[in-house]
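Got chain X; can you put chains B and A on it based on the hints?
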Amino acid sequence: MIRFVLRRILGIFPILLVVFTFSFVLMRVAPGGPFDAEKPVPPEVKRNLELRYRMREPWCEARFLPALQGVRSPDEERALRRASPWASRAERVCTGLFQYGWMLGNYVRGDFGPSYKYKDRSVNEFIRAGMPVTLQLGLLAVTFALGIGLVAGLVAAVYQNRWPDHLAMIAALLGISVPNFVLGPVLILVFSLGLLWFPPARWESLSHVFLPGLTLGSVYAAYVARLTRGGMLEVVRQDFIRTARAKGLPERLVILRHALRGGLLPVVSYLGPAMAALFTGSIVVERIFNVPGMGRYFVDAAINRDITLAMAVVMVNAVFLLVANLVVDVVLGILDPRVRYE
Amino acid sequence: MSELLLQVRNLHVHYPVDGGVSRAVDGVSLDVRRGETLAVVGESGSGKSQTMYGVLGLVPRPPGRVFGDGAYFEGEDLLRASERRLRGIRGNRIAMIFQDPMTALNPFLTVERQLTEVLEVHKGLRRKEARNLAIEMLAKVGIPDPERRIDQYPHQFSGGMRQRVMIAMALLCRPSLLVADEPTTALDVTIQAQILELLRATRREMDGSIILITHDLGVVAGNADRIAVMYAGRVVEKGPSREIFESPLHPYTRGLLASVPRLDAEQKAPLVPIPGQPPDPSRLPSGCPFRPRCPAATARCAQEYPPTRSAGPEREVACWVA
Amino acid sequence: MTSTVPVAAPELEEIEGTSLWRDAWRRLKKNRMAVAAAAVLGGIVLFCVAGPLFVPYSFDEQNLEYGARGPSAEHWFGTDLHGRDLLVRTMYGGRISLAVGLAATLVSLTIGVAYGAIAGYFGGRVDAIMMRVVDVLYTLPFMFVVILFLVLFGRSIVLLFVALGAVSWLTMARIVRGQVLSLKQSEFVDAARAAGVRDLAIVFRHLVPNALGPIVVYATLTVPRVMLEEAFLSYLGLGVQPPMASWGLLVSDGANNMMLHPHLLIFPGLLLTLTLFSLNFLGDGLRDALDPRMRT
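Chains as they are written, first to last, in this note's numbering: chain X, 1 to 342; chain B, 343 to 664; chain A, 665 to 960.
Next up, chain X with everything else stripped away, as it sits in the complex:
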């Protein structure tokens, strides 16, 4: 078991490297620079910015395009690059490699560098501010999802093909079908603006977090309910349940001791991928309810081409997801001895 966990932990690093490399390449090959959107700055200032973010590497320029070092205006640089395309490309690849190494080194040390957009703030500050909020929201949503989903799924399984089952499953299908960006505004409309039960936005007290948590969790509650029902019905068909009954065990023990564990395996395995979906969902829910979390920072960063921030958000999410999946695998191993002794 310990070896299994260690191996999985080691397995996380190459995956992170791949994600890092992929987003880095995406960022490098994207047309347009990060500073294009701003008002034009003097070439010297721009050059200094680019040097600071390692978008220019003096060594590479000296090696492949020495003429570039005297050039000051963007038009001159464009003309020069057009004149010697191969050297220009080599210079770009060289710079890219330097930037890659530099950023990777910083990431390993947990330093995500400065924001492209808000030059006086570091990406780490944004993450420190946003991540706890998003995690709270996610935790709340998972709690809702498991609380509602498990109960509904078990009830549906016990009353298979009778009205509680049909009711729960139609509700679950509805939960899967109502997009959270429809549900959220409707909840605000009804409960905040209509009934005045909950405040419509912000992130301060428990009453603020209730509606966003419910909005984010509803889809997963629906999936958990379906998986619980399916898992339980699958398990009670197994031979070992017949054995448990043939042993004269009371029905309570048959369900709780013999069926529940196997029946919940699909739910537990689902929690891994669900984490990814939760992060995605939080993008919209944070926007609807004006919650200052990572999801909102990410969309703003993407739209502002604040690529250092966007990339850091992707990486931090990837770390969380991989860890969450690892935890899920360990829990699966605890629940299912066949996995443990593979």
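Computed footprint of chain X on chain A; a stretch qualifies when at least three of its residues, placed anywhere within it, have a C-beta under 8 Å from a C-beta of chain X:
hint, segment
1, 798-805
2, 808-814
Listed next, the in silico SDA-like pairs over lysine to any residue satisfying Cα-Cα at most 25 Å (straight line):
hint, chain 1, residue 1, chain 2, residue 2
3, A, LYS694, B, ARG625
4, X, LYS117, X, LEU49
5, A, LYS693, X, LEU174
6, B, LYS465, B, ARG376
7, A, LYS694, X, LEU174
In short, the hints are calculated from the structure, not lab data. By construction, the Cβ of each residue, glycine as well, lies at the ideal position given by its N, Cα and C atoms.
Chains B and A only, in chain X's frame:
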């Protein structure tokens, strides 16, 4: 010796299907005497297992339906017993072992948990005491190093060992009736022999009765005192083991015997499979359900189901022509 | 239990082969909810495709002075802030949402079936590596990458459905692989191999057609998922661009103005939800009809 332990009278187990009823068990009567082994023989779907599920209250209801004139076990009618009462009998005085020990044991629980819970529920023992008894029982059914192996999971046992665990589990409460449902079908031939030997030894020691459910007449030979042959939810022939092997009356029994290789006598007799397939229990043919496959069928067989009649001191058969 | 009596196997298989789809069809017709879902879906498709012919407004015809008003005899769904008729915009939005759903599902179908079939057929190390990749991809925050992609490379519809299709093939790959793994043991595969049919031909001519049931079921369930994702991106302003409309974009507009003009949220939201609900119901019905054992 001839005291009746279990007496099943006209048992029916029905399941609703699209536009009709599937008669899995269609009026079965059986007797099991104390200390004997009764073999219930028939093809898949002939209702052998369903008969025992019906008696023990293991038929899922709904959708299933179980009714009949009675199933008396030690004088008590199990068909009319409460679920609570049945639970007290199952695993305690009547125990079952199943075909596939791979799937019949819970993969998520240790062998210890699965054995001790039987004693906890039926005998009110505490776990520690139950554990000691369970270890003893594992040793008795031939599991080496039971103190260590009891804490393992089923998938860490081989097929034969798993079936031994099943048997140990069934014997924990010293039941007076052991129902072995195809106990060797999923096992290798050499392991089969060991398990059958274990069952024989068990019966000698516990002085109880065994119902051996099987489709394999090879398993029956030398292991059963009496045989009941089932076809399409009914018992078509009943009698002492030796007599059935030597002079089968029902054409179906004859067909079964002809399709099994035998070491004794008639070495040169060819193996003859029975043509066709067993009928769908929701669409039984008119008259005798075996008629479409029967080499001796007459016009009468298509009209009326043959009543069960006596054919000797201990023999019964349900056939117009036998 | 195995029977001691040999049965006439070839006859049996032929019966099963021809009646699988007919049986499924019969079961589906008996599922009243699934039939109702299919009818609702048909109605919505008709509404979106043919509807604009019967409405005397175009989707971008503005009337700024008129502004946003609730439903009336002239404008059944009311008008938006620019005075555009919401009914016709909802129809056009539906066309785009449905088109993106279908196109992206086709992309995901192509990738998922090919990937899963190849992994399942070749098995062994190839399978282990290919499925490990799928496991890893499952854990990644895909939507974030899609968003980054759309922002950096421009927000075109084609890019949108390629991106969505490219990230939603994982489950399809798993399902197809599972099917192929069990099917490749069949005798007809041995027969084809013995006859010298090439591997890829076996995969795509023999195995994939036999796994069609689950593929159809899962593809039906992929359409609403992809539509949801499109709506999600459009809601964020990253999908379809104005003055074009998709349901996600309309819901986004509606949510921004829901206090004063709730009809802007309610009509497109209702239609989107109804469509997704029907598609999910139909998918579940198909699954129950085609393979009662398969559950999610």
